[in-house]
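K.L.:
Single-letter residue listing:
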Amino acid sequence: MNNINDELLNKYLDDELNQDEKVLVKISIESSLEVKKRYEALLKAHSLLNSIKEESTSIDFTKLVMKKLNNKSVVAQQQKYFLLSILSLLGLIILGITGYVLYQVISSIQPIQSSEVVTTYAKDLGDYVSNLFGQKNLTIFGSVLSFIMLISGYFLYDYQKHSKKNFSH
Amino acid sequence: MIGLVYMIMKNLTDVEIIESVKKGNQADYSVLIDRYKNKAFTMLKRMLKNEFEAEEVLMDCFLKAYNNLNTFKFESKFSTWFYRIVYNSALTKLSSVKRKIENEMSSVDDLHFLQSSYNADDLVKEDLSIFVKRIVNELPHKNAAVVSMFYLEEMSTEEISEVLQISVSNVKVILHRSRNLLREIIEKRNLFQEVI
Chain H
136 MNNINDELLN
146 KYLDDELNQD
156 EKVLVKISIE
166 SSLEVKKRYE
176 ALLKAHSLLN
186 SIKEESTSID
196 FTKLVMKKLN
206 NKSVVAQQQK
216 YFLLSILSLL
226 GLIILGITGY
236 VLYQVISSIQ
246 PIQSSEVVTT
256 YAKDLGDYVS
266 NLFGQKNLTI
276 FGSVLSFIML
286 ISGYFLYDYQ
296 KHSKKNFSH
Chain G
197 MIGLVYMIMK
207 NLTDVEIIES
217 VKKGNQADYS
227 VLIDRYKNKA
237 FTMLKRMLKN
247 EFEAEEVLMD
257 CFLKAYNNLN
267 TFKFESKFST
277 WFYRIVYNSA
287 LTKLSSVKRK
297 IENEMSSVDD
307 LHFLQSSYNA
317 DDLVKEDLSI
327 FVKRIVNELP
337 HKNAAVVSMF
347 YLEEMSTEEI
357 SEVLQISVSN
367 VKVILHRSRN
377 LLREIIEKRN
387 LFQEVI
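Chains H and G supply the protein sequences, listed in that same order.
The letter at position 19 of the first sequence is residue 154 when you use the numbering used here, and the numbering goes up by one with no holes.
The letter at position 162 of the second sequence is residue 358 when you use the numbering used here, and the numbering goes up by one with no holes.
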């Protein structure tokens with residue numbers, strides 16, 4: 136009867152034993168004072184653990200979490216607008232450059248036969264673009280674009296850092 | 197009016213509330229917070245042994261859960277998914293604190309260190325339920341988590357194993373050890389009559 140270990144008693148309590156094992160444990164509890172005492176103590180432990188109440192957070196906990204969530208939504212929206220404005224600015228710069236190139240090409244072309252218009256435009260545009268993005272000009276364009284991207288990147292990083300700081304408080 | 201809406205929301209299931217939040221009703225998330233905050237807080241407090249840190253971590257858990265609500269596919273219960281966030285966040289917190297070492301040292305195989313630290317005189321001084329609460333609060337973090345989920349949240353051992361990412365048999369071993377610890381204290385101090 137003494138081979139009724141704690142594991143078996145726990146399983147008996149949780150109703151995890153098969154019929155034969157249940158009978159064996161039940162008989163042991165009824166016949167052995169030592170097993171009975173152990174089982175009763177286990178039952179008491181179980182009921183004590185069951186009786187422990189949950190503890191409460193601070194009263195304004197829910198409000199605080201919801202406030203943080205709201206702040207986060209606002210920050211996310213602001214970040215979205217910021218990124219959109221940066222992308223719009225870059226788009227405008229590219230559009231401006233393209234417009235300027237086209238204007239220069241069109242204004243430099245003399246009136247010619249309509250059949251040759253497309254060919255001439257294409258040739259002149261090609262020449263102009265290759266001149267514009269020649270070794271010297273390409274460096275200038277590259278530098279300007281890199282500068283713009285660096286500035287944007289810095290502001291984006293700074294903005295995100297600032298937002299994160301706000302969010303964590 | 198707001199109170200009435202809240203009362204209606206309070207009766208909804210987790211799934212219904214999540215669907216509403218996903219549709220853009222952010223305010224409905226407060227119902228889920230109210231539903232789980234105290235139980236999760238109790239578990240965190242027992243794991244971290246610190247009330248302030250428990251509340252801080254819990255706040256992060258609710259924010260994390262909200263941010264990842266779109267990844268929740270309703271394949272498991274929300275409670276299981278949320279408690280996994282809570283448990284992992286507690287582990288992350290513990291790993292950043294020296295306490296983890298102490299905790300792991302005390303969780304080696306037996307819990308006799310706890311048994312010897314309490315004597316019958318403690319019982320004379322305080323109510324038995326407080327005495328038991330004190331013992332539970334001093335359990336190693338994994339035992340504390342299992343006991344909280346099993347007795348407070350009334351989760352099955354299968355759900356607990358999903359949260360802790362360990363086998364069901366391991367969950368049972370942890371649960372039985374925690375229960376045996378209390379049983380041995382009751383037995384040794386002969387507390388059968390005192391227990392309510």
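Treat the hints loosely; a few may be bogus.
What the hints assert, rightly or not - Residues from chain G that face chain H, not an exhaustive set, calculated with beta carbons under 8 Å:
no.: 1; residue: Val217
no.: 2; residue: Tyr262
no.: 3; residue: Leu265
no.: 4; residue: Lys269
no.: 5; residue: Phe274
no.: 6; residue: Lys329
no.: 7; residue: Leu348
no.: 8; residue: Ser352
Calculated directly from the structure, the hints in this document are not laboratory data.
Predicted model, so just to flag it, every value in this text is computed and none were measured.
Ideal Cβ positions, reconstructed from N, Cα and C, are used throughout, including at glycine.
K.L.:
Is the hint on G:Val217 kept, meaning its closest Cβ partner in chain H is under 8 Å away?
P.N.:
With a closest approach of 10 Å, the G:Val217 hint is violated.
K.L.:
Just to be careful: measuring from the Cβ of G:Ser352 to every Cβ in chain H, is the smallest value less than 8 Å?
P.N.:
11 Å, violated
K.L.:
Double-check G:Leu348 for me: the hint is only fine if its C-beta lies closer than 8 Å to a C-beta in chain H.
P.N.:
5 Å, holds
K.L.:
Holds or violated: is there a CB of chain H closer than 8 Å to the CB of G:Lys269?
P.N.:
G:Lys269 check fails; min Cβ-Cβ to chain H is 22 Å, beyond 8 Å.
K.L.:
Let's test the interface hint: is any C-beta of chain H closer than 8 Å to that of G:Lys329?
P.N.:
6 Å, holds
K.L.:
Can G:Leu265 be said to touch chain H, with a Cβ gap under 8 Å?
P.N.:
Violated, because the Cβ-Cβ distance from G:Leu265 to chain H comes to roughly 11 Å (cut-off 8 Å).
K.L.:
Close enough to count: is the Cβ of G:Phe274 nearer than 8 Å to one in chain H?
P.N.:
Nearest chain H Cβ about 16 Å off; hint violated.
K.L.:
Does the closest beta carbon of chain H sit nearer than 8 Å to the beta carbon of G:Tyr262?
P.N.:
For G:Tyr262, the interface hint holds, since the closest Cβ of chain H sits about 6 Å away, which is under 8 Å.
Going through the hint list in order, the structure does not satisfy hints 1, 3, 4, 5, 8.
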